[in-house]
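Novice: Spelled out from the first residue to the last, the chains are:
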Amino acid sequence: MGSNTVLVNVVTLRTALALLVLLWTPLRLYAQAELVGSWAPRNTEDISRDSFPVDYLGLPLNDEGRTRALTYNESQLAMIERQCEGWPPFYFVQGPFGLKIWSDTEPVKGGTISFTIGAWEDRAPITIWMDGRPHPSKYAEHTREGFTTGHWEGDTLVAFTTHMKAGFIRKNGPPSSDQATMTSRFFRHGDILTVLAVIEDPIYLAEPHIVTKSFELSATPMSPVGPPCVSAFEGKRPGDSVPHFLPEKNPFVDELTKLFHLPREAVLGGVETLYPEYRKKIKDTYVRLEPCKTNCGAPPPR
Amino acid sequence: MSAYSAVPLLSHEGTKARKHEFFFVFSCLRGVRLIVVALGTVVSFATLLATPPVVHAQNRGAPPPAPTPKASAPIDLTGYWVAVVNEDWRYRMVTPAKGDYRGVPITREALQIVNAWDPAADDAAGNQCKSYGAAAIMRVPGRLHITWQDDNTLRVDTDAGTQTRLFRFAPASAPAEKPTWQGRSVAQWERPGGGRGNPAASGPRAGSMTVVTTNMRAGYLRKNGVPYSENAKVTEHFDVGPLPDNGQVLVVTTVVDDPRYLTQPFIVSSHFKKEADGSKWDPTPCSSTW
Numbered sequence: 634m635g636s637n638t639v640l641v642n643v644v645t646l647r648t649a650l651a652l653l654v655l656l657w658t659p660l661r662l663y664a665q666a667e668l669v670g671s672w673a674p675r676n677t678e679d680i681s682r683d684s685f686p687v688d689y690l691g692l693p694l695n696d697e698g699r700t701r702a703l704t705y706n707e708s709q710l711a712m713i714e715r716q717c718e719g720w721p722p723f724y725f726v727q728g729p730f731g732l733k734i735w736s737d738t739e740p741v742k743g744g745t746i747s748f749t750i751g752a753w754e755d756r757a758p759i760t761i762w763m764d765g766r767p768h769p770s771k772y773a774e775h776t777r778e779g780f781t782t783g784h785w786e787g788d789t790l791v792a793f794t795t796h797m798k799a800g801f802i803r804k805n806g807p808p809s810s811d812q813a814t815m816t817s818r819f820f821r822h823g824d825i826l827t828v829l830a831v832i833e834d835p836i837y838l839a840e841p842h843i844v845t846k847s848f849e850l851s852a853t854p855m856s857p858v859g860p861p862c863v864s865a866f867e868g869k870r871p872g873d874s875v876p877h878f879l880p881e882k883n884p885f886v887d888e889l890t891k892l893f894h895l896p897r898e899a900v901l902g903g904v905e906t907l908y909p910e911y912r913k914k915i916k917d918t919y920v921r922l923e924p925c926k927t928n929c930g931a932p933p934p935r
Numbered sequence: 006m007s008a009y010s011a012v013p014l015l016s017h018e019g020t021k022a023r024k025h026e027f028f029f030v031f032s033c034l035r036g037v038r039l040i041v042v043a044l045g046t047v048v049s050f051a052t053l054l055a056t057p058p059v060v061h062a063q064n065r066g067a068p069p070p071a072p073t074p075k076a077s078a079p080i081d082l083t084g085y086w087v088a089v090v091n092e093d094w095r096y097r098m099v100t101p102a103k104g105d106y107r108g109v110p111i112t113r114e115a116l117q118i119v120n121a122w123d124p125a126a127d128d129a130a131g132n133q134c135k136s137y138g139a140a141a142i143m144r145v146p147g148r149l150h151i152t153w154q155d156d157n158t159l160r161v162d163t164d165a166g167t168q169t170r171l172f173r174f175a176p177a178s179a180p181a182e183k184p185t186w187q188g189r190s191v192a193q194w195e196r197p198g199g200g201r202g203n204p205a206a207s208g209p210r211a212g213s214m215t216v217v218t219t220n221m222r223a224g225y226l227r228k229n230g231v232p233y234s235e236n237a238k239v240t241e242h243f244d245v246g247p248l249p250d251n252g253q254v255l256v257v258t259t260v261v262d263d264p265r266y267l268t269q270p271f272i273v274s275s276h277f278k279k280e281a282d283g284s285k286w287d288p289t290p291c292s293s294t295w
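Just so you know, the protein sequences line up as chains A and B, in that order.
Each residue of the first sequence is one higher than the one before, counting from 634 in this note's numbering.
Each residue of the second sequence is one higher than the one before, counting from 6 in this note's numbering.
Hints were generated in silico from the structure; no laboratory data involved.
Treat the hints with care, as some may be off.
Unchecked claim - With a straight-line cut-off of 16 Å between C-alpha atoms, the simulated EDC-like cross-links for lysine to aspartate or glutamate are:
1) A:K913 x B:D164
2) B:K285 x A:D764
3) B:K278 x A:E714
4) B:K285 x A:E840
To be verified - Chain B side only, calculated, beta carbon under 8 Å to chain A, not exhaustive:
5) G84
6) A88
7) N91
8) R95
9) R107
10) L116
11) N132
12) D162
13) A165
14) G166
15) A211
16) T215
17) P249
18) A281
19) D282
Model, not experiment: these values are computed from the prediction.
The beta-carbon is built from N, C-alpha and C at its ideal position, and this holds for glycine as well.
Turn these sequences into a full structure, and let the hints steer you where they fit.
Specialist: Next comes the structure, spelled out in structure tokens:
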């Protein structure tokens with residue numbers, strides 16, 4: 634008799650819980666946004682596809698970050714062990730490519746286990762775990778793609794990335810440490826997806842670096858992978874020195890100043906240069922540019 | 006003897022089996038009853054939760070007035086916000102070279118305007134604010150001061166160019182107005198779950214604001230004369246999120262549609278940090294050259 638009562642209570646409890654889950658799940662899903670699909674870049678705002686060797690404009694670098702950045706020589710990419718190293722996850726909002734996003738679902742209740750942002754040739758895929766798993770121990774291995782968890786806030790997906798390998802915030806040398814983290818928010822408005830990425834790095838940044846980029850939903854499917862990276866001899870042999878510039882010896886440090894009349898302190902990045910007050914500070918010393926002659930924009934269609 | 010009568014009904018074993026059978030049936034029935042009760046409770050509870058407040062109000066008499074856009078705001082946009090120029094620095098913080106329209110998908114007609122940019126002529130014509138119009142103002146480095154002008158109108162003042170934008174949530178059928186730099190803006194809240202303008206669909210305190218602006222004077226997307234026409238339509242989405250150290254960030258996604266001067270929509274997203282007060286508010290007039 635007693636065992637039957639327990640059995641009945643268990644059945645009742647399970648039924649009630651199952652009903653609650655069934656009732657709650659659609660409401661929860663209803664408040665989310667569909668992110669799965671191909672999101673094309675429009676590239677009408679800043680992207681780091683054509684950076685000059687020393688262009689740290691808009692970066693809140695601290696002195697250590699700036700010093701390290703100025704030692705970077707892009708010939709490092711000719712080293713066979715670095716050719717396929719790739720860029721950290723930050724690049725997904727800074728590069729010129731779109732986003733291919735898909736999800737994996739749990740087969741019984743249909744909950745989302747993860748979203749994946751497909752790879753490019755030089756960026757690893759980013760898996761955003763949605764199943765509540767914790768981040769690994771701080772002593773766990775750091776990888777190129779890092780470890781990312783996500784949750785919904787209303788219809789905004791919020792993702793948090795840790796455990797990235799040291800790398801670069803931009804392709805031209807500003808560094809990121811292995812202690813950097815990235816918080817991304819995905820805002821969908823109809824066919825527009827805007828991603829806000831807030832990058833924190835206690836080693837190389839004086840304040841969080843904020844990047845936003847918008848994408849447009851595309852009916853044309855994008856590849857979830859980039860072409861494979863294949864290493865080849867590019868002039869650097871094993872054992873050769875790592876290309877770099879010694880302090881105060883970077884030959885490109887004044888390139889933007891000459892080309893665009895920009896103050897060196899702005900070119901080298903820094904918190905002060907990100908805010909409107911700085912614009913007022915340089916107003917009286919800025920020399921207007923001559924009209925643009927080359928590389929002024931994509932020719933309009935005829 | 007039939008097979009049925011072969012069962013030892015009156016034996017001790019038979020009595021024990023019947024008792025077990027009785028208890029099993031009774032337990033099952035009790036289980037079913039409890040499940041029905043549980044189902045009823047859960048369904049009643051869920052119905053109560055799912056019932057919109059208006060139903061309760063109807064039971065008491067006249068429905069209450071719909072909450073105003075100000076009262077039903079899913080996010081708080083008010084306060085002082087400062088632009089953080091992490092992107093397009095050399096197109097925003099300084100005046101780019103004449104003829105430089107990189108990143109803007111312009112038409113051939115627009116290219117003629119780009120190459121003919123003459124800030125002195127704009128000055129002479131009183132058009133110093135051409136690069137501070139609704140299609141460009143959120144990209145101008147400066148501060149926003151966002152307040153509620155009334156229950157239906159969100160007001161955005163900019164210190165750069167000293168401009169004022171009015172986002173009207175309940176636009177009256179306005180008479181034909183003369184185009185202005187900031188045009189006519191119609192706003193609506195977007196709530197989780199697709200409840201555009203529908204407070205009943207609200208989930209957690211999250212959402213965004215969409216603003217559509219038309220009836221603008223022709224202006225510049227960039228200081229150096231990259232144009233948009235008077236027929237352009239600007240759609241903006243305002244989102245907020247947290248920053249470290251209890252900060253807040255405002256993200257404004259701007260989509261400019263202008264078939265005359267753009268071959269495809271011009272899309273940029275600009276971000277602002279919230280400031281504690283207006284101590285750094287510094288109104289400056291429009292300038293054609295800076």
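Novice: Going straight from one Cα to the other, do A:K913 and B:D164 come out at no more than 16 Å?
Specialist: Holds. A:K913 to B:D164 sits at ~13 Å (cutoff 16 Å).
Novice: Does B:T215 meet its interface restraint, that is, does its C-beta lie within less than 8 Å of any C-beta in chain A?
Specialist: holds (7 Å)
Novice: Does the CB of B:A281 sit less than 8 Å away from some CB of chain A?
Specialist: violated (15 Å)
Novice: Hey, does the B:L116 contact hint survive, CB to chain A under 8 Å?
Specialist: Hint holds; B:L116 Cβ to chain A Cβ min 5 Å, cut 8 Å.
Novice: Can B:A88 be said to touch chain A, with a Cβ gap under 8 Å?
Specialist: At about 6 Å, which falls below the 8 Å cut-off, the nearest Cβ of chain A leaves the hint on B:A88 intact, so it holds.
Novice: Should the interface hint for B:P249 be scored as holding, given a Cβ-Cβ cut-off of 8 Å against chain A?
Specialist: holds (6 Å)
Novice: CA of B:K285 to CA of A:D764, is that 16 Å or under?
Specialist: With Cα atoms ~44 Å apart, B:K285 and A:D764 exceed 16 Å; violated.
Novice: What's the verdict on B:K278 and A:E714, does the C-alpha distance respect the 16 Å limit or exceed it?
Specialist: violated (40 Å)
Novice: For the restraint on B:D282, tell me whether the closest CB of chain A is nearer than 8 Å.
Specialist: violated (16 Å)
Novice: Identify whether the interface hint at B:A165 stands, where standing means a beta carbon of chain A within less than 8 Å of its own.
Specialist: Given a least distance of 7 Å, the restraint on B:A165 holds.
Novice: For the hint on B:D162, just tell me whether its beta-carbon gets within less than 8 Å of chain A.
Specialist: Violated, because the Cβ-Cβ distance from B:D162 to chain A comes to roughly 14 Å (cut-off 8 Å).
Novice: Does the CB of B:A211 sit less than 8 Å away from some CB of chain A?
Specialist: This hint holds: B:A211 lies near chain A, its Cβ roughly 3 Å from the closest one there, short of 8 Å.
Comparing the model with each earlier hint shows violations of hints 2, 3, 4, 5, 11, 12, 14, 18 and 19; every other hint is respected.
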